[in-house]
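Participant: Sequence:
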Amino acid sequence: MNGSPSSVRVSVVDDHESVRLGLRSACMEAGFDFIVAAASVAEFEEKLEGRENDVVVLDLSLGDGSTVTENVKRVQATGSAVLVHSIADRVALVREALAAGAAGVIPKSSATQIVMSAVERVARGDVLNNLEWATAIDADSDFAKAQLGRREREILHLYASGLPLKLAAEKLGIGYSTAREYLDRIRMKYVEVGRPAPTKVDLLRRAVEDGILPSMDVDSLNDA
Numbered sequence: 749m750n751g752s753p754s755s756v757r758v759s760v761v762d763d764h765e766s767v768r769l770g771l772r773s774a775c776m777e778a779g780f781d782f783i784v785a786a787a788s789v790a791e792f793e794e795k796l797e798g799r800e801n802d803v804v805v806l807d808l809s810l811g812d813g814s815t816v817t818e819n820v821k822r823v824q825a826t827g828s829a830v831l832v833h834s835i836a837d838r839v840a841l842v843r844e845a846l847a848a849g850a851a852g853v854i855p856k857s858s859a860t861q862i863v864m865s866a867v868e869r870v871a872r873g874d875v876l877n878n879l880e881w882a883t884a885i886d887a888d889s890d891f892a893k894a895q896l897g898r899r900e901r902e903i904l905h906l907y908a909s910g911l912p913l914k915l916a917a918e919k920l921g922i923g924y925s926t927a928r929e930y931l932d933r934i935r936m937k938y939v940e941v942g943r944p945a946p947t948k949v950d951l952l953r954r955a956v957e958d959g960i961l962p963s964m965d966v967d968s969l970n971d972a
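Letter by letter, the sequence shown follows residues 749 to 972 in the numbering used here.
If you are wondering where the hints come from, they were derived from the structure by calculation, not from laboratory data. Any given hint might turn out to be false.
What the hints assert, rightly or not - Taking lysine-lysine pairs in the DSS-like style, the calculated list, with each CA pair at most 25 Å apart, reads:
no.: 1; residue 1: K821; residue 2: K795
no.: 2; residue 1: K919; residue 2: K948
no.: 3; residue 1: K893; residue 2: K821
no.: 4; residue 1: K893; residue 2: K937
no.: 5; residue 1: K937; residue 2: K919
no.: 6; residue 1: K821; residue 2: K856
no.: 7; residue 1: K821; residue 2: K937
no.: 8; residue 1: K914; residue 2: K948
no.: 9; residue 1: K948; residue 2: K893
The task is simple: from the sequences and hints, build the whole structure.
Facilitator: So, in structure tokens, the structure goes:
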């Protein structure tokens with residue numbers, strides 16, 4: 749796709765018909781290639797029929813019992829980027845959508861021209877670093893937490909508390925090499941959220957920051 753308006757393929761998923769009709773009209777007026785209007789992600793998938801689509805303007809709260817993460821992931825699986833179209837005060841849901849991989853957030857109160865501009869930017873592969881995104885992140889500290897699995901949290905808890913990795917592995921009934929893989933994965937996840945933890949002391953700090961360990965004197969732990 750070269751990014752010109754006529755080459756931008758757009759769909760809308762919103763359970764309010766008036767919103768679907770309004771965005772469809774605006775997209776066509778902007779010169780976009782409008783593909784699907786649907787009330788749910790399931791309906792979008794069915795109507796898409798394997799066609800290519802660049803951007804889905806997605807409502808956060810659909811009336812079918814689906815979750816935000818599920819909807820974002822399913823839309824992405826079709827090869828489409830996700831532009832969240834939401835009431836701006838739903839901070840927790842906005843955060844969830846961004847964590848799931850949405851490319852940006854546009855409030856439903858935004859002028860149509862701003863929404864269309866956002867669609868075009870997302871279609872080009874840009875990420876919207878807009879005010880709504882920043883507000884969602886700032887208002888919810890969990891956004892910067894590494895999403896660790898149960899076993900990863902257990903390894904981090906024991907290792908960052910001061911146990912050698914070999915003893916932590918024995919305590920959990922797993923092999924040393926498996927424990928090392930978990931530890932490497934934990935470090936990678938912290939890098940991905942912009943909070944690298946290359947040393948054991950760094951891991952302790954992250955564990956305390958994320959509530960995996962109680963607050964303590966981090967500097968009292970010798971790096972190992």
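Participant: If a hint holds in the structure, say so; if it doesn't, say that too.
Facilitator: How the hints compare with the structure:
no. : hint        : verdict
1   : K821 x K795 : 17 Å, holds
2   : K919 x K948 : 18 Å, holds
3   : K893 x K821 : 19 Å, holds
4   : K893 x K937 : 9 Å, holds
5   : K937 x K919 : 23 Å, holds
6   : K821 x K856 : 22 Å, holds
7   : K821 x K937 : 19 Å, holds
8   : K914 x K948 : 14 Å, holds
9   : K948 x K893 : 18 Å, holds
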